[in-house]
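> Under my numbering, the sequence shown is numbered contiguously, ending at residue 323.
No lab work stands behind these hints, which were simulated from the structure alone. Mixed in with the good hints, there may be bad ones.
[What the hints assert, rightly or not] Cβ-Cβ distance ranges computed for the label pairs, FRET-style:
#1 Leu43 / Ala275: 39 to 47 Å
#2 Ala34 / Gly59: 36 to 44 Å
#3 Asp13 / Asp174: 50 to 58 Å
#4 Ser263 / Ala34: 41 to 49 Å
#5 Arg258 / Ala213: 21 to 29 Å
#6 Asp96 / Ala217: 25 to 33 Å
#7 Thr313 / Ala143: 55 to 63 Å
#8 Arg199 / Arg323: 30 to 38 Å
#9 Thr313 / Arg201: 34 to 42 Å
#10 Thr313 / Arg81: 26 to 34 Å
#11 Ala143 / Arg40: 47 to 55 Å
#12 Pro46 / Arg187: 19 to 27 Å
#13 Ala3 / Ala275: 51 to 59 Å
#14 Arg117 / Arg187: 17 to 25 Å
Note that the Cβ used here is the ideal one computed from N, Cα and C, for glycine as well.
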Amino acid sequence: MSAVHVIVPEWIDDPARPSGGNLYGRRVCDGLAALGWTVREHLVHPAALARTVEQIPDGAVVLVDGLLASPAPGALVPHARRLRLVVLMHMPLGGDREREVLDAAAAVITTSVWTRRRLGALRADVHVAEPGVDPAGLARGTAHGGELLCVAAVTPLKGHDVLLEALAPLGDLDWRCSCVGSLDRDRAFADAVRRRAGRVRFTGARTGAALAAAYAAADLLVLPSRAETYGMVVTEALARGVPVIASDVGGVPEALGRGDDGSHPGLLVRPDDPAALGRALRHWLEDPRRRRRLRRAAGRRRLTLPTWSHTTTHVAAALEAAR
């Protein structure tokens, strides 16, 4: 029977800190167990990484979350000969420390082709296991299309300031916008954007049924990020047939994808460009035919989305290759 030690951040299951990386790690652990792997989970604070790795027996396959691995060559590289280290890279940080870790790893897994290309200068044998998504019911949508949703922690990287600036000139139109995501990651930034919120509502983090209800009530997902390695919220929306307007960054085009008929289920705009985002939102709100077309395309894309079983199969193949 195959066995793997999985080292993930200690907050992976904390409902107050929801993130795509946490969800990915949890689903991979559960999925590997469902495939028959013996999964030994280590929920670790970064300061305890070295001690955790030292206690793992020789010859073990060890999957390490990149958030812990990238800044910590001192904890991992000395054990690269006795362990089969596999690094799961969500968001490459760059720099010499990360390079040391990746050079020492037996295998590297990324969550998008974009990330694999970015790491291509470091090593060619990078596996891709794109995030899956759970099936969900179709969102009903509204006739006017004005229920806008942004799901992201409120930080500069996610571009809520860009969203507010884009929406400011659209006061003549009928819309409401809910921003669902943690307000605690960068409190100064969150406080600043909330003071400018106007008609935009900031709900804080939501998980489970509350998050599902937010998606179900939405007409359009808006993701104005300045950087994304994939954008799991994009596929979460598409799983419900909700179209997307998002920044053209990183792996977002992969997540948006196409329907089985080649149709595009959303629009991509230049990052950090409120005017471009505002134009795309105005076109969506003012043009019923465009809304119908994008909704049909989102419904088609819904049929081609990867599952978590697909994700886990690819992770398992990478682990087997590292043995």
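> Look at each hint and say if it fits the structure.
Checked hints:
Judged by the Cβ atoms, the range 39 to 47 Å given for Leu43 and Ala275 holds: they are separated by roughly 44 Å. One distance hint, 36 to 44 Å for the beta-carbon pair Ala34 and Gly59, is violated here, with the actual separation near 24 Å. At about 40 Å, the CB distance of Asp13 to Asp174 disagrees with the hint of 50 to 58 Å. The given range of 41 to 49 Å is broken by Ser263 and Ala34, whose C-beta atoms sit roughly 33 Å from each other.
For the pair Arg258 and Ala213, the supplied restraint of 21 to 29 Å holds, since their beta-carbon distance comes to about 28 Å. Between Asp96 and Ala217, the C-beta spacing of about 46 Å breaks the proposed range 25 to 33 Å. Checked against the hint of 55 to 63 Å, the C-beta distance between Thr313 and Ala143 comes to roughly 41 Å, which is inconsistent with it. Range check, Arg199 to Arg323: Cβ separation about 55 Å, and the 30 to 38 Å hint is violated.
About 39 Å separates the C-beta atoms of Thr313 and Arg201, a value consistent with the hinted range of 34 to 42 Å. In this structure the supplied range 26 to 34 Å holds for Thr313 paired with Arg81, their Cβ-Cβ distance being about 29 Å. For the pair Ala143 and Arg40, the supplied restraint of 47 to 55 Å holds, since their beta-carbon distance comes to about 52 Å. Under the hint 19 to 27 Å, the C-beta atoms of Pro46 and Arg187, about 21 Å apart, fit the expected range.
Under the hint 51 to 59 Å, the C-beta atoms of Ala3 and Ala275, about 54 Å apart, fit the expected range. Distance hint check: the CB atoms of Arg117 and Arg187 are about 34 Å apart, inconsistent with the given range 17 to 25 Å.
In this structure, the earlier hints numbered 2, 3, 4, 6, 7, 8, 14 are contradicted, and the remaining ones agree with it.
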